[in-house]
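**Student:** Here the protein sequences come in this chain order: A and B.
The numbering used here applies: residue 2 is where the first sequence begins, and numbers increase by one.
The numbering used here applies: residue 18 is where the second sequence begins, and numbers increase by one.
Incorrect hints may have been included.
To be verified - What the simulated footprint calls covered on chain B by chain A, stretch by stretch (three residues with Cβ under 8 angstroms from a Cβ of chain A suffice, anywhere in the stretch; the number is not a length): (1) 200 to 213; (2) 223 to 234.
What the hints assert, rightly or not - Computed spacing ranges between beta-carbons, pair by pair: (3) B:Val-218 with A:Arg-192: 30 to 38 angstroms; (4) B:Arg-245 with A:Asp-7: 53 to 61 angstroms; (5) B:Val-218 with A:Gly-113: 15 to 23 angstroms; (6) A:Leu-28 with B:Ser-32: 38 to 46 angstroms; (7) A:Arg-274 with B:Ser-207: 50 to 58 angstroms; (8) B:Val-33 with A:Lys-221: 39 to 47 angstroms; (9) B:Met-239 with A:Leu-282: 51 to 59 angstroms; (10) B:Ser-32 with A:Glu-264: 55 to 63 angstroms; (11) B:Arg-161 with A:Met-13: 35 to 43 angstroms.
To be verified - Below, computed lysine-lysine pairings styled on PhoX-like, alpha-carbon distance capped at 20 angstroms: (12) A:Lys-221 with A:Lys-209; (13) A:Lys-74 with A:Lys-4; (14) B:Lys-77 with B:Lys-196; (15) A:Lys-227 with A:Lys-187; (16) A:Lys-103 with B:Lys-215; (17) B:Lys-193 with A:Lys-58; (18) A:Lys-20 with B:Lys-261; (19) A:Lys-58 with B:Lys-261; (20) A:Lys-227 with A:Lys-4; (21) A:Lys-185 with A:Lys-221; (22) A:Lys-163 with A:Lys-187; (23) A:Lys-221 with A:Lys-20.
Read the hints as simulated data drawn from the structure, not as lab findings.
All C-beta atoms in this analysis are idealised placements derived from N, C-alpha and C, irrespective of residue type, glycine included.
In case you want the letters, here they are:
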Amino acid sequence: MIKLEDVSYVYMQGGPFEKTALDHISLEIHKGEFIGLIGHTGSGKSTLIQMLNGLLKPTSGTITVNGKVLGEKSTNLQQLRFEVGLVMQYPEYQLFEETVAKDIAYGPSNMGLPKEEIAERVAYVANMVGLSPELLEKSPFDLSGGQKRRVAIAGVLAMEPKVLILDEPTAGLDPAGRDEILCKIKDMHERMDMTVILVSHSMEDVAKLADRILVMNHGKVEMLDKTAAVFRQGKRLTEIGLNIPQITQVMDGLRENGVNLGEGIYTVEDAYRQLCDLMNLKEQPIC
Amino acid sequence: MLKDITLGQYFPGSSVIHRLDPRTKILLVLCYIVLTFLIENFIGYLLLAAFTVGCILVSKVPPKFVLKGLKPILVFVVITGLFNLFLTRGDVVFSWWIFSITRQGIYFAAFMVLRLVFLMVGTSLLTLTTSPIALTDGMERLLRPLRKVGVPAHELAMMMSIALRFIPILMEETDKIMKAQSARGADFESGNILRRAKAMVPILVPLFISAFRRADELATAMECRCYRGGENRTRFKELLYGKKDLGAGISFLALVALVFAANFLFGKVI
Numbered sequence: 002m003i004k005l006e007d008v009s010y011v012y013m014q015g016g017p018f019e020k021t022a023l024d025h026i027s028l029e030i031h032k033g034e035f036i037g038l039i040g041h042t043g044s045g046k047s048t049l050i051q052m053l054n055g056l057l058k059p060t061s062g063t064i065t066v067n068g069k070v071l072g073e074k075s076t077n078l079q080q081l082r083f084e085v086g087l088v089m090q091y092p093e094y095q096l097f098e099e100t101v102a103k104d105i106a107y108g109p110s111n112m113g114l115p116k117e118e119i120a121e122r123v124a125y126v127a128n129m130v131g132l133s134p135e136l137l138e139k140s141p142f143d144l145s146g147g148q149k150r151r152v153a154i155a156g157v158l159a160m161e162p163k164v165l166i167l168d169e170p171t172a173g174l175d176p177a178g179r180d181e182i183l184c185k186i187k188d189m190h191e192r193m194d195m196t197v198i199l200v201s202h203s204m205e206d207v208a209k210l211a212d213r214i215l216v217m218n219h220g221k222v223e224m225l226d227k228t229a230a231v232f233r234q235g236k237r238l239t240e241i242g243l244n245i246p247q248i249t250q251v252m253d254g255l256r257e258n259g260v261n262l263g264e265g266i267y268t269v270e271d272a273y274r275q276l277c278d279l280m281n282l283k284e285q286p287i288c
Numbered sequence: 018m019l020k021d022i023t024l025g026q027y028f029p030g031s032s033v034i035h036r037l038d039p040r041t042k043i044l045l046v047l048c049y050i051v052l053t054f055l056i057e058n059f060i061g062y063l064l065l066a067a068f069t070v071g072c073i074l075v076s077k078v079p080p081k082f083v084l085k086g087l088k089p090i091l092v093f094v095v096i097t098g099l100f101n102l103f104l105t106r107g108d109v110v111f112s113w114w115i116f117s118i119t120r121q122g123i124y125f126a127a128f129m130v131l132r133l134v135f136l137m138v139g140t141s142l143l144t145l146t147t148s149p150i151a152l153t154d155g156m157e158r159l160l161r162p163l164r165k166v167g168v169p170a171h172e173l174a175m176m177m178s179i180a181l182r183f184i185p186i187l188m189e190e191t192d193k194i195m196k197a198q199s200a201r202g203a204d205f206e207s208g209n210i211l212r213r214a215k216a217m218v219p220i221l222v223p224l225f226i227s228a229f230r231r232a233d234e235l236a237t238a239m240e241c242r243c244y245r246g247g248e249n250r251t252r253f254k255e256l257l258y259g260k261k262d263l264g265a266g267i268s269f270l271a272l273v274a275l276v277f278a279a280n281f282l283f284g285k286v287i
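Sequences and hints are given; from them, build the entire structure.
**Tutor:** Spelled out as structure tokens, the structure:
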């Protein structure tokens, strides 16, 4: 689905402030996968995702998305951007229309869809991200931060992309808003069969959602593996300014102190289940 | 996309010229500009060129960057040169159809072009070797005596440094918004002027909103740190003239003396 071969990106090439953001990376992401992308600040995460929909052109190397090679003349970038939806950091600052509905419709109308279909899509995605119908006629600037964020995500979703990339979609949101947005993303991933790449600084969120985790460090791919395999390397993760989920730390600590727990617990739900088993308690649904 | 625009084109370095007091540099550049207009013959320009090249070499700024500063005024220089070349009356040396070139025209054109080029190179060298902050600092100190007649020197300098500080922020912001809207399929390049102007709306609206928000936040942050204008404000780094500045002044005076000597010895060309 997405394939990077020996891709590099250098900012301000030749100038006094030259900086290599990506250093000869190669990787492959398959259709329908949920990828968690983690890395310390400045590790090249944002640069990487901006390349995937052609906002940045690689300094060297080739990127293939859905069989199309980026940078070739025959590849229509606009078309590509409809297929690879990108929600940038703090996306609420890109809202501009008079009403929420019009703002969500901006992407689809750029696609040249008929009016009825646009209206249909707007209603559908608004419902999906949890915006009530009466909000649609309001000005986006009158909404709360969390609602604005949802409008912005809906604006990208309305294009029905095959790949959805989210750059820290929960930064600056309260815990309730964060969980809700992540739940919606997971939901959409399953319902629309989208490939999702989620950039996050929260190991907990990534552990809960991702199939595979891509770890970036200083412009290089440090790891790209199943969630369990990545979090088993806690020491290495700490070395590069990352961490393992807090619940994993707690569980590891308990095990070291002789509590009979299995390895590889990355979410609160798993931990709860294990502890219930251990103490012979009846499981009650949480969350 | 937008990162190629170099407004604050400071080229970091630690040469003597970088370390000069910004006031010295500002004053010398002003004198330098005046001097380019006082030169009366080509020997004078040769001296000026030697001095300028020397300064560039000492500053260790790659000549490429200095010449880049000439690019924006290139059209202007060419047009000025052509106007002077064709529209000056005098002794005709060449004529074809309705065009005629005079001896005076050639000299005027050459002088104008040389003046503009040196003017630009001189000021570029100032901005290349002085950080914007140092520049406004120097400006404030130079304007300080004018406070007595009601010129708000500190406020002007503060406004200037804030404006300069905001340029990269707003450029980055524009870049971000452009990317975000491109990701939603915005197209800024095709269509007629009207369509393109309309395509700018999704950029301008968020940009203005964020500019106002940032201005507001900055004002609050300054209030929080009890900013109250220039009255009795002390500075962390006081500007001090040193030996370097004296040296710079003397070498510039030497250039002035040489240029005037050349003017006197070789006379006016025209």
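**Student:** All hints are to be evaluated individually against the structure, with a verdict given for each.
**Tutor:** Status of each hint after checking the structure:
Counting residues of the segment 200 to 213 of chain B whose CB lies closer than 8 angstroms to any CB of chain A gives 5, which reaches the minimum of 3, so the coverage claim holds. Restraint check on the segment 223 to 234 of chain B versus chain A: 3 residues with Cβ-Cβ distances below 8 angstroms, three needed, restraint holds. A C-beta distance of roughly 33 angstroms is found between Val-218 (chain B) and Arg-192 (chain A), which places it inside the suggested range of 30 to 38 angstroms. As the Cβ distance of Arg-245 (chain B) to Asp-7 (chain A) is approximately 57 angstroms, the hint placing it in 53 to 61 angstroms holds.
Between Val-218 (chain B) and Gly-113 (chain A) the CB atoms are about 18 angstroms apart, so this pair conforms to the stated range of 15 to 23 angstroms. Taking 38 to 46 angstroms as the suggested C-beta distance range, the pair Leu-28 (chain A) and Ser-32 (chain B) conforms, at roughly 44 angstroms. For Arg-274 (chain A) and Ser-207 (chain B), the hinted distance range of 50 to 58 angstroms is satisfied, since their beta carbons lie about 56 angstroms from each other. The hinted window of 39 to 47 angstroms between Val-33 (chain B) and Lys-221 (chain A) holds, with their beta carbons roughly 40 angstroms apart.
As the Cβ distance of Met-239 (chain B) to Leu-282 (chain A) is approximately 57 angstroms, the hint placing it in 51 to 59 angstroms holds. Between Ser-32 (chain B) and Glu-264 (chain A) the C-beta distance comes to about 60 angstroms, which sits within the given range of 55 to 63 angstroms. Under the hint 35 to 43 angstroms, the C-beta atoms of Arg-161 (chain B) and Met-13 (chain A), about 37 angstroms apart, fit the expected range. Proximity of Lys-221 (chain A) to Lys-209 (chain A) is assessed by CA-CA distance (about 24 angstroms); at most 20 angstroms being required, the pair is judged violated.
Between Lys-74 (chain A) and Lys-4 (chain A), the direct Cα distance comes to roughly 18 angstroms. Compliance with the 20 angstroms bound is thereby established for this hinted pair. Among the hinted pairs, Lys-77 (chain B) with Lys-196 (chain B) is inconsistent with the structure: their alpha-carbon atoms are about 36 angstroms apart, more than 20 angstroms. Simply put, Lys-227 (chain A) and Lys-187 (chain A) have alpha-carbon atoms about 17 angstroms apart, close enough for the 20 angstroms limit, and the pair holds. A distance of roughly 15 angstroms separates the Cα atoms of Lys-103 (chain A) and Lys-215 (chain B); the hinted pair therefore holds under the 20 angstroms criterion.
Simply put, Lys-193 (chain B) and Lys-58 (chain A) have alpha-carbon atoms about 16 angstroms apart, close enough for the 20 angstroms limit, and the pair holds. For the proposed pair Lys-20 (chain A) and Lys-261 (chain B), the alpha carbon gap of about 34 angstroms is over 20 angstroms, so the pair is violated. At most 20 angstroms may separate the alpha-carbon atoms for a hinted pair to count; Lys-58 (chain A) and Lys-261 (chain B) exceed this at roughly 46 angstroms. Note on Lys-227 (chain A) and Lys-4 (chain A): the hinted pairing holds, with a Cα-Cα distance of about 18 angstroms set against a maximum of 20 angstroms.
Taking the CA atoms of Lys-185 (chain A) and Lys-221 (chain A), the gap is about 30 angstroms. The hint is violated against a cut of 20 angstroms. As the CA atoms of Lys-163 (chain A) and Lys-187 (chain A) are separated by approximately 15 angstroms, the hinted pair is consistent with the 20 angstroms bound. Annotation: proposed proximity of Lys-221 (chain A) to Lys-20 (chain A) holds, straight-line Cα distance about 14 angstroms (limit 20 angstroms).
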